[in-house]
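Q: In case you want the letters, here they are:
Number of protein chains: 2
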Amino acid sequence: MCTPRIMETVRKRLEKEGPPSMSRRRLLKLGGGLAAGAAVAASHPLPLLGQDMMGEVVDLTHVLGESSPHIFGPDFAPSREKMEFLSEIIYWQQWSINEHVSTHVDMPSHFILDGGEHTDTYDANLLVSPAVVIDISARAAEDADAFVTVEDIQAWESRHGEVPPGALVCMHSGWETYWDNPQAFINRDETGVAHFPGFGGEAAAFLVEERDIHGVAVDVASLDPGNSTTVPTHYTVLGAGLYGIENVRNLAAIKDRVATVVVGIPRWEEGSGGPCRVLALT
Amino acid sequence: MCTPRIMETVRKRLEKEGPPSMSRRRLLKLGGGLAAGAAVAASHPLPLLGQDMMGEVVDLTHVLGESSPHIFGPDFAPSREKMEFLSEIIYWQQWSINEHVSTHVDMPSHFILDGGEHTDTYDANLLVSPAVVIDISARAAEDADAFVTVEDIQAWESRHGEVPPGALVCMHSGWETYWDNPQAFINRDETGVAHFPGFGGEAAAFLVEERDIHGVAVDVASLDPGNSTTVPTHYTVLGAGLYGIENVRNLAAIKDRVATVVVGIPRWEEGSGGPCRVLALT
Chain R
1 MCTPRIMETV RKRLEKEGPP SMSRRRLLKL GGGLAAGAAV AASHPLPLLG
51 QDMMGEVVDL THVLGESSPH IFGPDFAPSR EKMEFLSEII YWQQWSINEH
101 VSTHVDMPSH FILDGGEHTD TYDANLLVSP AVVIDISARA AEDADAFVTV
151 EDIQAWESRH GEVPPGALVC MHSGWETYWD NPQAFINRDE TGVAHFPGFG
201 GEAAAFLVEE RDIHGVAVDV ASLDPGNSTT VPTHYTVLGA GLYGIENVRN
251 LAAIKDRVAT VVVGIPRWEE GSGGPCRVLA LT
Chain L
283 MCTPRIMETV RKRLEKEGPP SMSRRRLLKL GGGLAAGAAV AASHPLPLLG
333 QDMMGEVVDL THVLGESSPH IFGPDFAPSR EKMEFLSEII YWQQWSINEH
383 VSTHVDMPSH FILDGGEHTD TYDANLLVSP AVVIDISARA AEDADAFVTV
433 EDIQAWESRH GEVPPGALVC MHSGWETYWD NPQAFINRDE TGVAHFPGFG
483 GEAAAFLVEE RDIHGVAVDV ASLDPGNSTT VPTHYTVLGA GLYGIENVRN
533 LAAIKDRVAT VVVGIPRWEE GSGGPCRVLA LT
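Sequence lines, in order, name chains R and L. Residue numbers are given in the numbering used here: position 242 of the first sequence equals residue 242, and the series is strictly consecutive. Residue numbers are given in the numbering used here: position 213 of the second sequence equals residue 495, and the series is strictly consecutive.
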């Protein structure tokens, strides 16, 4: 897209002026786009954010399959079969699947039974967000009932500045290490109570009331900690018309990095959510 | 994210140096990110691509429902039912759905039965691409069998420059106007042959062999024109390990604009493709 001469000019300018915190690749990406845009005709819509100028795409999505953990147990896992029609020419599968399996979105309508918004009408602008990753993995390693507090968010803000408008605020608890062992992932005790981390209700209220977020995401099976009986994070976030994402992975790879998260939720009719592809553009 | 002082400095610099083809908003977005990055501490990961600095998100996805058109007829449409479990507290649905409904991806394994790649292992970097929109809507309005030719691509390149590396090359035929009328959308004649536009085999071969694309997308039910019996575009694109997207919409909104397309395909087990959210970041 950029001629070698332009790229060299931009590289030199950016090496002189560029901040040490930005990667060379990002510098070239942004600077290259600007300079190339300046050098070409006005009618030439250069893809400034084109793949050749982008950094790594980080996949925050688990594989979805028949053995994926489900908070309500294996009876709620999806099933699949190979389609027979035209099978000598094409390969395809038929799925039986509910809207809350593997890495998936909770839309407002999942908990807000009267008027909560569905997948098919939700504003697509809200599906693209800067990522904020709150890391409680050290605490969660000691205590399965650990949860995100207002202090955790404030500690993040003291290092990085205020949670930016439109953010997707993600809890990284490290719980994804149990993904391949559904029993350990849901972690029910002998009385049936689950034990895994989540957002505390006060942290959720702080984000919704004091900040201007798009949604929250967790690397566990529920927005609220497993032992919560009142699930305030669900009601607070979904009640505000925002969304949650459960069972994300790989947040360590974007922690403390610049990343834009795109939530590829199916646009199916009257959906209460759905298994989604969550990609972080870095 | 950026202080008013920084933004003002950047704005002035960009107004002086910025290319006339770039929108003010994009200038501020890119320039603001650079300048803000330069002005803050090295440990401060500013979301350069944050929502507050982004343009519009254009949704290229149709609603997926029981009455969505399907190339093989309504027997292949999805079905859904409301889940009864916990229905006094939560709302959710169970779907029966095949991998090729509504706006969806064809992965290599859909046609390449021996070793074609599935959704669960496909490189996520290939799901983010600069958009190239080839507009054949004028011709398609006169001829349902119109198809994208090598000359159409060359005409685009004469205006915009070579198809950029990693592009998603999209056919805009205008056929989405028939979406709500499945019979008109598939448009079978009395002999059963479908008539809608698509990529010609030579254009597909040109893109795969002479350019470095990620995939192709069409606003109709098949990558190849409806009357094709040999479906060369499917075999050429999928055979090269690339992908196709069928039944996209809204391409007119990103035609001749800078847009990065993110393909939110489900990461389900051994998927041959899947209904996906396709979002264009402008």
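In case anyone wonders, no lab produced these hints; they're calculated from the structure. Possibly wrong hints are sitting among the right ones.
To be verified - According to the in silico footprint, chain R covers these stretches of chain L (three or more CB under 8 Å from chain R):
hint	region
1	359 to 370
2	373 to 384
3	388 to 394
4	428 to 436
5	539 to 553
Virtual Cβ for every residue (Gly too), placed ideally from N, Cα, C.
Q: Run every hint past the structure and note whether it holds.
A: Quick rundown of the hints versus the structure:
no.: 1; hint: 359 to 370; verdict: holds (count 4)
no.: 2; hint: 373 to 384; verdict: holds (count 11)
no.: 3; hint: 388 to 394; verdict: holds (count 3)
no.: 4; hint: 428 to 436; verdict: violated (count 0)
no.: 5; hint: 539 to 553; verdict: holds (count 14)
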